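K.L.:
Just so you know, the protein sequences line up as chains A and B, in that order. The working numbering puts the first residue of the first sequence at 1, with every later residue one more than the last. The working numbering puts the first residue of the second sequence at 1001, with every later residue one more than the last.
Treat the hints with caution; some may be incorrect.
Some chain A residues well away from chain B (every beta-carbon gap over 10 Å; in silico) [to be verified]:
{"#": "1", "residue": "F30"}
{"#": "2", "residue": "P33"}
{"#": "3", "residue": "I39"}
{"#": "4", "residue": "L79"}
{"#": "5", "residue": "L151"}
{"#": "6", "residue": "Q152"}
{"#": "7", "residue": "I172"}
{"#": "8", "residue": "L276"}
{"#": "9", "residue": "A279"}
Derived SDA-like pairs (lysine to any residue); straight-line CA-CA distance at most 25 Å [unchecked claim]:
{"#": "10", "chain 1": "B", "residue 1": "K1325", "chain 2": "B", "residue 2": "T1261"}
{"#": "11", "chain 1": "B", "residue 1": "K1172", "chain 2": "B", "residue 2": "D1099"}
{"#": "12", "chain 1": "A", "residue 1": "K115", "chain 2": "B", "residue 2": "P1016"}
{"#": "13", "chain 1": "A", "residue 1": "K111", "chain 2": "B", "residue 2": "H1022"}
{"#": "14", "chain 1": "B", "residue 1": "K1290", "chain 2": "B", "residue 2": "H1333"}
{"#": "15", "chain 1": "A", "residue 1": "K115", "chain 2": "B", "residue 2": "E1017"}
{"#": "16", "chain 1": "B", "residue 1": "K1182", "chain 2": "B", "residue 2": "E1164"}
{"#": "17", "chain 1": "B", "residue 1": "K1325", "chain 2": "B", "residue 2": "H1288"}
{"#": "18", "chain 1": "A", "residue 1": "K294", "chain 2": "B", "residue 2": "R1134"}
{"#": "19", "chain 1": "A", "residue 1": "K192", "chain 2": "A", "residue 2": "F97"}
{"#": "20", "chain 1": "B", "residue 1": "K1113", "chain 2": "B", "residue 2": "G1141"}
{"#": "21", "chain 1": "B", "residue 1": "K1073", "chain 2": "A", "residue 2": "R199"}
{"#": "22", "chain 1": "A", "residue 1": "K192", "chain 2": "A", "residue 2": "F181"}
{"#": "23", "chain 1": "B", "residue 1": "K1290", "chain 2": "B", "residue 2": "Q1266"}
{"#": "24", "chain 1": "B", "residue 1": "K1112", "chain 2": "A", "residue 2": "V198"}
{"#": "25", "chain 1": "B", "residue 1": "K1156", "chain 2": "A", "residue 2": "L197"}
{"#": "26", "chain 1": "A", "residue 1": "K192", "chain 2": "B", "residue 2": "G1141"}
{"#": "27", "chain 1": "B", "residue 1": "K1014", "chain 2": "A", "residue 2": "R109"}
{"#": "28", "chain 1": "B", "residue 1": "K1112", "chain 2": "A", "residue 2": "S248"}
{"#": "29", "chain 1": "A", "residue 1": "K115", "chain 2": "A", "residue 2": "F97"}
{"#": "30", "chain 1": "A", "residue 1": "K294", "chain 2": "B", "residue 2": "D1099"}
{"#": "31", "chain 1": "B", "residue 1": "K1156", "chain 2": "A", "residue 2": "K192"}
So, partial list: chain B residues that the calculated Cβ filter (under 8 Å) puts toward chain A [as the list claims (entries may be wrong)]:
{"#": "32", "residue": "Y1010"}
{"#": "33", "residue": "F1057"}
{"#": "34", "residue": "H1078"}
{"#": "35", "residue": "N1083"}
{"#": "36", "residue": "S1088"}
{"#": "37", "residue": "A1108"}
{"#": "38", "residue": "L1155"}
Think of the hints as simulated: they come from the structure by calculation, not from any bench. From a predicted model like this one, the values you see are computed outputs, not experimental measurements. All residues carry an ideal CB built from backbone N, CA and C; glycine is no exception.
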Amino acid sequence: MTSADTIQKRKRRTLILLLAPFSVMLSVFFLIPLGIMMIYSFLEPGLYGGVEWNWYPYNYGRIIGWPLNDYEEFEPIYLKIFLNSLQIAIMTVIGTFLLCYPAAFWVSRMKGAKKNFALFLITLPFFANLLVRIYAWLLLLRPTGFFNTVLQSAGLIIEPLDLLFTNFSVIIGMVYILTPFMFLPIYANVEKLDYSLVRASQDLGANPLQTFRRVILPLTAPGIIGGSVIVFIPALGNFIVPSFLGGSKVQMTGNLIERSFLQSRDWPFGAALALLIMASVVALVVFQLSRQAKAESRGVS
Amino acid sequence: MSFLKITSAYKTYKTPEGGLIHALDDVSLNVRNNEFLTLLGPSGCGKTTLLKCIAGFEDIDAGEITLEDQSLKGVPAHRRPFNTVFQSYALFPHLSISDNVGYGLDVARVAKKERNQRVEETLELVGLGGFGNREPNQLSGGQQQRVALARSLVLKPRVLLLDEPLSALDRKMRENMQIELKNLQHSVGITFVFVTHDQEEALAMSDRIAVVANGKVQQLASPTEIYDEPANEFVANFVGTSNVFSGKVVAKSDNILTIETVNQRQVLAVSDRFNKGDRVELILRPEHLKLSPGGNGIPDSCIEGTVEANVFVGSDMHLHVNVGKGRTAVVHHRHSRGDDGERIEVGTEVKLYYSPNAAHLIEAVGG
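Bound conformation, chain A alone (with noise of 0.2 Å):
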């Protein structure tokens, strides 16, 4: 045996015991659990939860429009609140982007200290209690709050407006618990931009919207795509927001699912729901990962 084939071989066990540990994890904590639920996902609904094991496709059914026809119902509300869901996921990623894009050039080009301590306000959020956050907002939007105290004594409207429990203040929310994820992919991105290629657009004539277009957008869509896919991943599955600052007119598909498992006890229903929206972000993720590979491959990461 060569010298070169033990190195080898010592590598791949190192290899292998660092990964040791959070394989053991994943495995147990995630993929056992993941497949019950695959399993629970086709099976009959117990009558006072738990299941029973017989094979029943229906629960998917019931969303997706082929229901058991002798008592249960096609209900379109289950893919409304879906598409509700994916509207304000959507919405989100938009409303992150366009504060954190800016923010990002805006902060790469600060120096030492003050950088350091503008990356530390975006992650200051952090700190505090999400529950609290979410709440301070509830108080900032109902009728009686800041917002329309402020415009009504200001005189620009005469009766308060319905700013909570709609998508919007929906939206709002999460914008505001998202920004973070949104905003460090793309200032890792942005933080490594080449300036000497935007004077090389400069030079060969491109104005300025030109070069945005020609060379910052693309050499910045890594990170931007990177930051959409982990915003829109819990945007898509949260129910906190939604159950306060949507209550009950704003429904997403986290809140049937949390519905499902805590009040109606229909597991079955709820590991349906779930694994809907699991497929639809792997989806999404590996069409991510697919660009990234071919943007990779031309040297652009």
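Place chain B on chain A using the hints.
P.N.:
Relative to chain A, chain B alone:
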């Protein structure tokens, strides 16, 4: 009508410590059409600043830059008919080679057919025909350099600005590119303004050289003039090696001056610029000092000294000769094959001869 003209340009930067750097300090320069002009100077001398001001990335604080008598004040970089080849090449990593070269044509909305044809021609011109579909990171440094050149040349700029484009290449590649650049400049007939700190590069390629130091143009002349008749001690030392002796003209007959140096030697030089009593600096290139007298109408001057160090560099033997009072003269003694036995050892007493015609005189500073 003058071509590209810079008149009394000033540019000052603030350092982070609050000091001021005069990057351009009353710079005036007249670039001729179709010439290869080199801005030569040590790093931080202001040559790159001047290039950026011409390109339009920086504004001069005072003075004027004109192209064919049209002021360029307030004209942004993307509207100036100049293109730059950057030191780091700055190729767009997300675009193929042909899209890199076609970038300027694309933003100018040149028709597809003409665009493709011009891209192909220019790639051909820089010796990269058939490389169009590759990505920048698949090319070597020298090839990336050519792409950067093609990307600028395809736009047929009035002036091509080159910011130390060869500094990242290895020596052999650099020497090849020097010849190619010079030939390219001839064949395309575009004015090149080339920035470098490498004097050999400057001497090899330029029609004229502007030696820049401390934000000022020290001398603007042809390479031979810069080398043979440096305007001051800085140019003499920066371009090539020089032996500089300060002294005073003590006698003059016809144009032959006798100069008494500070270490009380009498040496000869030829000049009609100076008179008896003038304080001068005598500049002698190392290759003009010889160890044996050469035949010449004028009696050769001779300096005696002791060899302090000998450095073999291949074609020459560099001798450092102590000529008294702690002054050292550098001599380049031609080496021929089989000279081994005649190696001049440290401590040898030697006589250095030179032809008075080879000595260049400049006015002593503060004299």
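K.L.:
Could you run down the list of hints and mark each one as holding or not?
P.N.:
Hint check:
no., hint, in the structure
1, F30, "holds (36 Å)"
2, P33, "holds (41 Å)"
3, I39, "holds (45 Å)"
4, L79, "holds (39 Å)"
5, L151, "holds (43 Å)"
6, Q152, "holds (48 Å)"
7, I172, "holds (35 Å)"
8, L276, "holds (36 Å)"
9, A279, "holds (32 Å)"
10, B/K1325 / B/T1261, "holds (11 Å)"
11, B/K1172 / B/D1099, "violated (29 Å)"
12, A/K115 / B/P1016, "holds (17 Å)"
13, A/K111 / B/H1022, "holds (24 Å)"
14, B/K1290 / B/H1333, "holds (7 Å)"
15, A/K115 / B/E1017, "holds (19 Å)"
16, B/K1182 / B/E1164, "holds (15 Å)"
17, B/K1325 / B/H1288, "holds (22 Å)"
18, A/K294 / B/R1134, "holds (15 Å)"
19, A/K192 / A/F97, "holds (18 Å)"
20, B/K1113 / B/G1141, "violated (30 Å)"
21, B/K1073 / A/R199, "holds (18 Å)"
22, A/K192 / A/F181, "holds (18 Å)"
23, B/K1290 / B/Q1266, "holds (17 Å)"
24, B/K1112 / A/V198, "holds (24 Å)"
25, B/K1156 / A/L197, "holds (20 Å)"
26, A/K192 / B/G1141, "holds (21 Å)"
27, B/K1014 / A/R109, "holds (18 Å)"
28, B/K1112 / A/S248, "violated (57 Å)"
29, A/K115 / A/F97, "holds (20 Å)"
30, A/K294 / B/D1099, "holds (17 Å)"
31, B/K1156 / A/K192, "violated (32 Å)"
32, Y1010, "violated (23 Å)"
33, F1057, "holds (6 Å)"
34, H1078, "holds (5 Å)"
35, N1083, "holds (6 Å)"
36, S1088, "holds (6 Å)"
37, A1108, "holds (6 Å)"
38, L1155, "holds (7 Å)"
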